[in-house]
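**Student:** Now for the letters of each chain:
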Amino acid sequence: MKKYVPNSLFFTAAVIALIVLLRFLNWLPLSLEQGIARKYSSIEEVKAKLNIKKIYAPSYFPENFAWPPYEIIAQTKPFTSVTMKFRRTDRMSSTLVICQSDTAAPLTDSFPRMAQLKESITYPLKGRQALLDVGICRDKEPCSSMTWLEGRYRIAVAVESPPFELIKISESMLH
Amino acid sequence: MTATIYSFFRLPAGIYITQSCFHSLIAVLIVNRAISSWDINSPLVRQRFRIVIIFISMLSCPLYQLINPERGSVNFRLDTLFDSSRWLNLELWDKLPLSLVFIALLLTTSLIFLFQEMVPIIRHTTESGPSPLDWQRLEDQSEIVRGLEHMPAERAVFYITTSDDQILFTRTGKEPSIYFSTGLIEELTTEELQGALSHEIAHIIRNKRPLLIIVFFFRMMLFFNPVVLLEFRRIVHDEEKICDDMAVESTKNPQALAESLKKLYHKTYPEKTSLEQHGHASHLEDRIKRIENNSAQNNGGQWGKFIFTVIVIAAINYFIV
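For the protein sequence lines, the chains are W and U, in the order given.
Each residue of the first sequence is one higher than the one before, counting from 32 in the working numbering.
Each residue of the second sequence is one higher than the one before, counting from 651 in the working numbering.
Errors might be hidden in some of the hints.
[What the hints assert, rightly or not] Heads up, simulated DSSO-like pairs for lysine-lysine below, C-alpha to C-alpha not over 27 Å straight-line: (1) W/78 to U/955; (2) W/84 to U/858; (3) W/171 to W/157.
[Said to hold, decoys possible] Now the stretches of chain W that chain U is said to cover, found in silico as 3 or more residues with beta-carbon under 8 Å: (4) 46-60; (5) 63-76.
Since the hints were derived computationally from the structure, they do not count as laboratory data.
Glycine included, every Cβ here is placed at the ideal spot set by N, Cα and C.
Based on the provided sequences and hints, a complete structural model is requested.
**Tutor:** The following block contains the structure:
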């Protein structure tokens, strides 16, 4: 019993040291490789730090969405991907997600998954063949998404609303 | 190439393999620290701590996923304690992905498992058992068998064969049997032979425990995991010490068991040529020293420390993806 308390303290100190070491090892790759996925505060910062020349952002933005994006996650290793999330002014949850990634890259899991797909059609989007999906999201809200290829990228836009706003937003991303 | 490797580590199998390896590594670090901090010497308790590593390695990833299906998401990974994909996506000299090095480690471990563990088991299973012509069943009235009556278990069947070699091995199954040679009887005194046989009986008793069978099954499933490969060997070493302690407890003659091990040790390893032989020999020396120092202790307990350690491992591993 005499030894129990100091021994336990020694064990606890070792566990704390391990947590600190893990934190350091988690940070180290970020300092070694700029292109690893991380959060950015603005689109300009992504362009500057990752040397991504073109980031597709909408010029039409519905009034009830808050600009700028509240979260930007970007990477260039092992593939290029930029994900922007926007909130409605009256809601805290993410309601508009725009993903731009290499065509070979898998779709990020930040992109909302539909709980029930109601309709999937090919939509002509300013000369591109876009795939328009309409359905119900997990929180039972109507949601829609549009995906198309743009040069080396695949662009995907999802919104928690019927497709009318989505089409306008998507069209405004192409000039 | 990089895209293919990356895709593999995004598949459920890739995620499971990666997390199993990292979780077991963290578990080993914490368990080793717990054992040394609290000065845990009982092989029974040490083995219990080590078995947890196998269970964590096998079950933690699916359990965490059940608790939080979003655990693998980008957002969880960005804010977590340690994200393995950051390291796996790094490229050495902008050419060699670290994930490829990790895959090479998994393959090497799998090959070691196959050739050092599976092939001997398959060979042992497919080889025909000892011929009844060569082996003679030892009657219960024999002096050696009577000397083992104090062993607290259903009795094993003893077989003896005429051979100058020192043969001693056990077969478990429906009728647990212990086989030994006349060469062994000539080499060892009756007390030493009883010590060695008591150790084998202890193996028969312990091999019936379902926990050890589950651990062995999990170990087979985790053939790719280098940490589990090493830890399972430590569990086996602890098992030998537990059986030594059980033998000493029943014969009350530690010196006889130590002497029998010494004699077998000098016969088995007259000169140690390979690294593996060095490993076996050093383990045997450690066992002999332990028995001679009378540090045998098969007391269990220490459950508070055990539970605390498991909680710490589970909490940290939750944030390792």
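**Student:** Of the numbered hints stated previously, which ones are contradicted by the structure, given in increasing order?
**Tutor:** 1, 2 and 3
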